[in-house]
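Residue numbers (the numbering used here): 419 to 804.
It is worth saying that the hints were derived from the structure and are not from the lab.
Fair warning: this is a prediction, and the values are worked out from it, not measured in the lab.
One should not assume that every hint holds.
[To be verified] Taking lysine to any residue pairs in the SDA-like style, the calculated list, with each CA pair at most 25 angstroms apart, reads:
#  : residue 1 : residue 2
1  : Lys-722   : Glu-543
2  : Lys-483   : Gly-756
3  : Lys-614   : Gln-727
4  : Lys-420   : Ala-575
5  : Lys-612   : Leu-724
6  : Lys-614   : Gly-574
7  : Lys-508   : Asp-720
8  : Lys-703   : Arg-546
9  : Lys-420   : Gly-430
10 : Lys-614   : Asn-587
11 : Lys-508   : Glu-643
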Amino acid sequence: MKFAYDFLAFPGVLYALVGALVVGGFASLLVVAALRRRRDTARFGEAKLVERLRSFDADTRRSVKGLLLVLALAAAFFALARPQFGRGVKHVPATNLDVVIVLDYSKSMYARDVVPSRISRAKAEVARLIRELRGARFGAIAFAGEPMSFPMTSDGAAIAQFFRGLEPNDMPVGGTATSRALERARELLERDPKSKEHVRIIVLVTDGEDTEGDPTRVANELAAEGTRVDVVQIGTRAPEPIPNVGADGRVLGIRQDENGKPLMTQLSTEAEAELAKIAEITHGKLVTGTKGETGIDEVTRDLKRLMNQELSERVETVFAEEYAWPLGLALVLLVAEGLLPDAPKTPPRVPLPVTALAKRPRGRRRRALARADADGASGATRGGAA
Numbered sequence: 419m420k421f422a423y424d425f426l427a428f429p430g431v432l433y434a435l436v437g438a439l440v441v442g443g444f445a446s447l448l449v450v451a452a453l454r455r456r457r458d459t460a461r462f463g464e465a466k467l468v469e470r471l472r473s474f475d476a477d478t479r480r481s482v483k484g485l486l487l488v489l490a491l492a493a494a495f496f497a498l499a500r501p502q503f504g505r506g507v508k509h510v511p512a513t514n515l516d517v518v519i520v521l522d523y524s525k526s527m528y529a530r531d532v533v534p535s536r537i538s539r540a541k542a543e544v545a546r547l548i549r550e551l552r553g554a555r556f557g558a559i560a561f562a563g564e565p566m567s568f569p570m571t572s573d574g575a576a577i578a579q580f581f582r583g584l585e586p587n588d589m590p591v592g593g594t595a596t597s598r599a600l601e602r603a604r605e606l607l608e609r610d611p612k613s614k615e616h617v618r619i620i621v622l623v624t625d626g627e628d629t630e631g632d633p634t635r636v637a638n639e640l641a642a643e644g645t646r647v648d649v650v651q652i653g654t655r656a657p658e659p660i661p662n663v664g665a666d667g668r669v670l671g672i673r674q675d676e677n678g679k680p681l682m683t684q685l686s687t688e689a690e691a692e693l694a695k696i697a698e699i700t701h702g703k704l705v706t707g708t709k710g711e712t713g714i715d716e717v718t719r720d721l722k723r724l725m726n727q728e729l730s731e732r733v734e735t736v737f738a739e740e741y742a743w744p745l746g747l748a749l750v751l752l753v754a755e756g757l758l759p760d761a762p763k764t765p766p767r768v769p770l771p772v773t774a775l776a777k778r779p780r781g782r783r784r785r786a787l788a789r790a791d792a793d794g795a796s797g798a799t800r801g802g803a804a
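Please work from the sequences and hints to get the whole structure.
Here you go:
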C-alpha cells in the first residue's frame, strides 16, 4: 500500500501534521471532558453511592460514542490521503533512460520542404518518439534566440503537450541559439538527482547553424559528464522560402527582408560540419532528413533498441486508489454514533403500591376511593390481593 502524497516531503508532511493534530486534538477534548465529569461526580458525593443512584451507566455510552467519532475522523483523513493498493504488476522496458528533446522553433522551421511543415512534422514525430520509449523520463527544450524548458518527468504526455502548444511565432527572441539550448538541457539533467544514475541522451532537432555562442564547447562539457547528443538535421542545402505564418496558423505569403527580397533557408556547409562535430564529440550520431523525412523516426528506433537490448527491464506494481473504503467506514461510524442513544429507552421502574393503585379500581375499592376512605381503600386493596 502507498499514498498519493509523499509524507516525507512537502506538502505531504504538512498534510500528515494537520491530520494528526486534528484527530489528536479532538480525542484530547473528549478525554478532558470525561475527566471533568468524573471530578464533578466526586464533588457530588461518594462514588459508590452516586453509582447506586444512577439508573444507567452514562460514562460507558459517552466513551463508546466518543471513540466512534474519533475513528470516523481518522478514517476520513485516511481517505483524503488517497490510499493505493497493488492490483497486479506490469513490465516496463526500462526506467534508467533520461532523454532531453531540444527542438528548434526558429521561423525557418515553418519551411514546407517537409509536409506539412518542418515544425509540424517534427512535433508529430517527437510525440511518437515519446510514445515509443515507454518507461523513459523526458525533459524538453524549445529554442530560438532564447530557450524555454520543461523539467525532467516520467509523464511523457506532458512533454508532448509542451511542444504541441508552442509555435515559432510564440518565441520571444528570434534566431537559432543552439549553444544556449544545449546548455539549458545540461542544466536540466544536472539539477535532477536521479539522472546521475541514468543513461542520459539529448536529442537535438534543428535546421540551421548556431547564430551565437559555441555549441562545440558545450558538447565537450556534455561528453565529460557522459551525456550523448544525437543530432537530427532537418532541411537540405537547397534554398527553401520561409512562409509568413499568421497567429491563426494561416500562411500569409513569404517572409521578406528589409529590401523586399524573399527570405530563404538552406543548410550551409559550416552548419552541417558544426552539427556533425557536436554528435562526434559526445559519441552520438548525426541523422540527416532526406526525401521529405525528418530523421526523428530513425533516432526513435535506435533509442528503442537501446532500451530493449542494453537497459534493464523493470517490473512495476500497478496501484489503484481505494479511498472509497475508508470514506465509507467513516460514514458508517458516524451513523452508528448517531444511532447510539445517550440513555436507554426502557421505561423507569415504578414502586409496587403505586402500580397497584394505578390499576382501575373495582367494587369496594372504587367505592372506598370515592368516599376518600383511606382505610377502606387500603383494606379493600389487601382483600383484593388476598
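Check your understanding: CA of Lys-612 to CA of Leu-724, is that 25 angstroms or under?
Key -> Measuring from Cα to Cα gives roughly 19 angstroms; hence the hint holds.
Review point. Is the straight-line distance between the alpha-carbon of Lys-614 and that of Gly-574 25 angstroms or less?
Key: 20 angstroms, holds
Review point. CA of Lys-420 to CA of Gly-430, is that 25 angstroms or under?
Key: 13 angstroms, holds
Review point. Taken at face value, is the distance from the CA of Glu-643 to the CA of Lys-508 at most 25 angstroms?
Key: Measuring from Cα to Cα gives roughly 33 angstroms; hence the hint is violated.
Review point. Does Glu-543 lie within 25 angstroms of Lys-722 when you go C-alpha to C-alpha?
Key: 14 angstroms, holds
**Study point:** 25 angstroms Cα cutoff - pair Lys-614, Asn-587
**Key:** 35 angstroms, violated
Review point. Taken at face value, is the distance from the CA of Arg-546 to the CA of Lys-703 at most 25 angstroms?
Key: Holds. Lys-703 to Arg-546 sits at ~20 angstroms (cutoff 25 angstroms).
Review point. Taken at face value, is the distance from the CA of Gln-727 to the CA of Lys-614 at most 25 angstroms?
Key: 21 angstroms, holds
Exercise for review: Take the C-alpha atoms of Lys-420 and Ala-575, compute the straight-line distance between them, and say whether it is at most 25 angstroms.
Suggested key: 24 angstroms, holds
Point to revise | Holds or violated: Lys-508 to Asp-720, with C-alpha atoms at most 25 angstroms apart | key: Distance ~24 angstroms between Lys-508 and Asp-720 Cα, so the pair holds.
Check your understanding: If you draw a straight line from the CA of Lys-483 to the CA of Gly-756, is it 25 angstroms or shorter?
Key -> 8 angstroms, holds
This entry does not satisfy hints 10 and 11, going by the numbered hints stated previously.
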